[in-house]
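Dock chain F against the given chain S, drawing on the hints supplied.
Each chain, written out:
There are 2 protein chains.
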Amino acid sequence: MIGIDWGTTSFRAFRIARDGTIRDRRSSPRGIMNVPDARFGDTLREEIGPWLALGEDRVLLSGMIGSRQGWKEAPYLPCPAAPADIAAALTDIAFEWAQVKLVPGLSGSDAQGVAEVMRGEEAQIVGVPTLMESGGIACLPGTHSKWARVEGGRIVSFTTHMTGEVFAALRGHTILGRTMRDGPSAGAPFEAGVRRAAEPGGLLHHIFGVRAQTLTGALAETDAAAYLSGILIGHEVSAALAGAAGAVVHVIGNPDLAALYATAIAACGGYAERHDGEAAALGLFRIGEHAAWR
Amino acid sequence: MIGIDWGTTSFRAFRIARDGTIRDRRSSPRGIMNVPDARFGDTLREEIGPWLALGEDRVLLSGMIGSRQGWKEAPYLPCPAAPADIAAALTDIAFEWAQVKLVPGLSGSDAQGVAEVMRGEEAQIVGVPTLMESGGIACLPGTHSKWARVEGGRIVSFTTHMTGEVFAALRGHTILGRTMRDGPSAGAPFEAGVRRAAEPGGLLHHIFGVRAQTLTGALAETDAAAYLSGILIGHEVSAALAGAAGAVVHVIGNPDLAALYATAIAACGGYAERHDGEAAALGLFRIGEHAAWR
Numbered sequence: 029m030i031g032i033d034w035g036t037t038s039f040r041a042f043r044i045a046r047d048g049t050i051r052d053r054r055s056s057p058r059g060i061m062n063v064p065d066a067r068f069g070d071t072l073r074e075e076i077g078p079w080l081a082l083g084e085d086r087v088l089l090s091g092m093i094g095s096r097q098g099w100k101e102a103p104y105l106p107c108p109a110a111p112a113d114i115a116a117a118l119t120d121i122a123f124e125w126a127q128v129k130l131v132p133g134l135s136g137s138d139a140q141g142v143a144e145v146m147r148g149e150e151a152q153i154v155g156v157p158t159l160m161e162s163g164g165i166a167c168l169p170g171t172h173s174k175w176a177r178v179e180g181g182r183i184v185s186f187t188t189h190m191t192g193e194v195f196a197a198l199r200g201h202t203i204l205g206r207t208m209r210d211g212p213s214a215g216a217p218f219e220a221g222v223r224r225a226a227e228p229g230g231l232l233h234h235i236f237g238v239r240a241q242t243l244t245g246a247l248a249e250t251d252a253a254a255y256l257s258g259i260l261i262g263h264e265v266s267a268a269l270a271g272a273a274g275a276v277v278h279v280i281g282n283p284d285l286a287a288l289y290a291t292a293i294a295a296c297g298g299y300a301e302r303h304d305g306e307a308a309a310l311g312l313f314r315i316g317e318h319a320a321w322r
Numbered sequence: 029m030i031g032i033d034w035g036t037t038s039f040r041a042f043r044i045a046r047d048g049t050i051r052d053r054r055s056s057p058r059g060i061m062n063v064p065d066a067r068f069g070d071t072l073r074e075e076i077g078p079w080l081a082l083g084e085d086r087v088l089l090s091g092m093i094g095s096r097q098g099w100k101e102a103p104y105l106p107c108p109a110a111p112a113d114i115a116a117a118l119t120d121i122a123f124e125w126a127q128v129k130l131v132p133g134l135s136g137s138d139a140q141g142v143a144e145v146m147r148g149e150e151a152q153i154v155g156v157p158t159l160m161e162s163g164g165i166a167c168l169p170g171t172h173s174k175w176a177r178v179e180g181g182r183i184v185s186f187t188t189h190m191t192g193e194v195f196a197a198l199r200g201h202t203i204l205g206r207t208m209r210d211g212p213s214a215g216a217p218f219e220a221g222v223r224r225a226a227e228p229g230g231l232l233h234h235i236f237g238v239r240a241q242t243l244t245g246a247l248a249e250t251d252a253a254a255y256l257s258g259i260l261i262g263h264e265v266s267a268a269l270a271g272a273a274g275a276v277v278h279v280i281g282n283p284d285l286a287a288l289y290a291t292a293i294a295a296c297g298g299y300a301e302r303h304d305g306e307a308a309a310l311g312l313f314r315i316g317e318h319a320a321w322r
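Chains as they are written, first to last, in our numbering: chain S, 29 to 322; chain F, 29 to 322.
Next comes chain S alone, as it looks inside the complex (with noise of 0.2 Å):
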């Protein structure tokens, strides 16, 4: 089968065999926001035409490509959700050269009962096969960053930080930019931002530091990015992991930032294991698996 993670600026596919491991993989920046007048059809064949002429014959997307701005809307399945009701809950796309099926979105709701949406997330947590068997704790960094608790081989529930987005919107448009210069985004200064969360003052008074130890030579031009991500990251993971000290963290992406999270998760009393992004691939097989193919 063919398993493709489908979203807003990347398109990432794989060849996966019988036995879920992948045969072959391409990526390429055709997101969905690069698909000029919504020609996915024409784009999907260009991009595995060589897949298809082998004889592959299944096609599972996951992702964006599932939105109201995607191929087709693949309404929301609501948590819990195991791989066999998400592969109960596909929607087909009509296709000449191949079956293609669209994996539906999460929904779910948070402790408090505020509504929370994921669409892509569910198939690189299900491609995490400790995670499915024992259960635990993922976190997906990013623009707007999932964790997610499994339990009995299902997704339960999940929340969303907007950590990736607050971080370019701070740095882009408000004074904190103003003083910043390129430089590492790992190291002591990421560390000491991550400190920094740990301490009282909230997250509205600690990035106000950033500028202000800019100011006085505390902190150098080049490490205020880096800083100020540690701020951020350690204020999500704190929050993330209030009440779960000690507990095992999938985190899931790539892994420059998955290294980042690994690093706030421990400061915070937790233990992390990292996974790439491929792990979309196995979760699409697994969900293929359970999927009504003709």
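It should be emphasised that the hints constitute simulated quantities derived from the structure, not laboratory data.
Keep in mind that a hint or two might mislead.
Copies of the same chain are indistinguishable here, so a pair counts whether it falls within one copy or spans any two.
Cross-link-like lysine to any residue pairs, in silico, SDA-like; alpha carbons within 25 Å at most [to be verified]:
hint	residue 1	residue 2
1	100	297
2	100	207
3	100	241
4	100	242
5	100	201
6	100	284
7	100	219
8	100	206
All values derive from a computational prediction rather than experimental measurement.
Relative to the frame of chain S, chain F by itself:
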């Protein structure tokens, strides 16, 4: 004497009698950013010329006019600082038509030793008599909100919270702004945001709820900005008031914003006393009483 609160975007002048009462006032949008070619002397004469003609000869300026981007840089005075300390640290400015002096800003550090600065707020704090006589907490809401402690007639420490600037950045430059339409800034949605801030989950999670709840219809687009404002102000107030439940907080600023903060302070277990920005007039008068005029 004449006291002037000369900030980044506004100019507010007070003609003050010998007993400290305000005889006359004027304001204009000629903040330092709106004074072309650094013609501060000409601007000052145009604004207060009629008062100088009445024989006023003593002019005290506070605010960003004393910054590097202003008329002349007035070095920060370290905390703790009483009105007499501030008066002993004034910076003289050459001006043909009257004696003109600049109030220094204050510097300090928060409980963890992180640097802090203020410029202009010190004159407003000094202008609240009950605070200077009995001590207590001052809150000056705004782009960069300040919280200060006064003891024994001196400003002893203060912290900055980037609440107003973060609100503008989130509304203008993140996904949250896309589904916001103009609506009232106070009332039930603001109060719901303040309550939300008191729940677990953290600020970076709470703000995502603005979007999630707008999408599900639980929050009207015209209420979303007030709800976001309540979340941010609620987080600021609860962090600033941590460990000081039952405290009286003197809120100094424009009446609409002060009312919002009073609501959040009450929700966090404090008691708000409100003062308008004209506190700056009495503060400049108090500092002026100790100054070395010719």
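Worksheet item: Which of the numbered hints are not met once you compare them with the structure shown?
Response: Violated hints: 1, 5, 6 and 7; rest satisfied.
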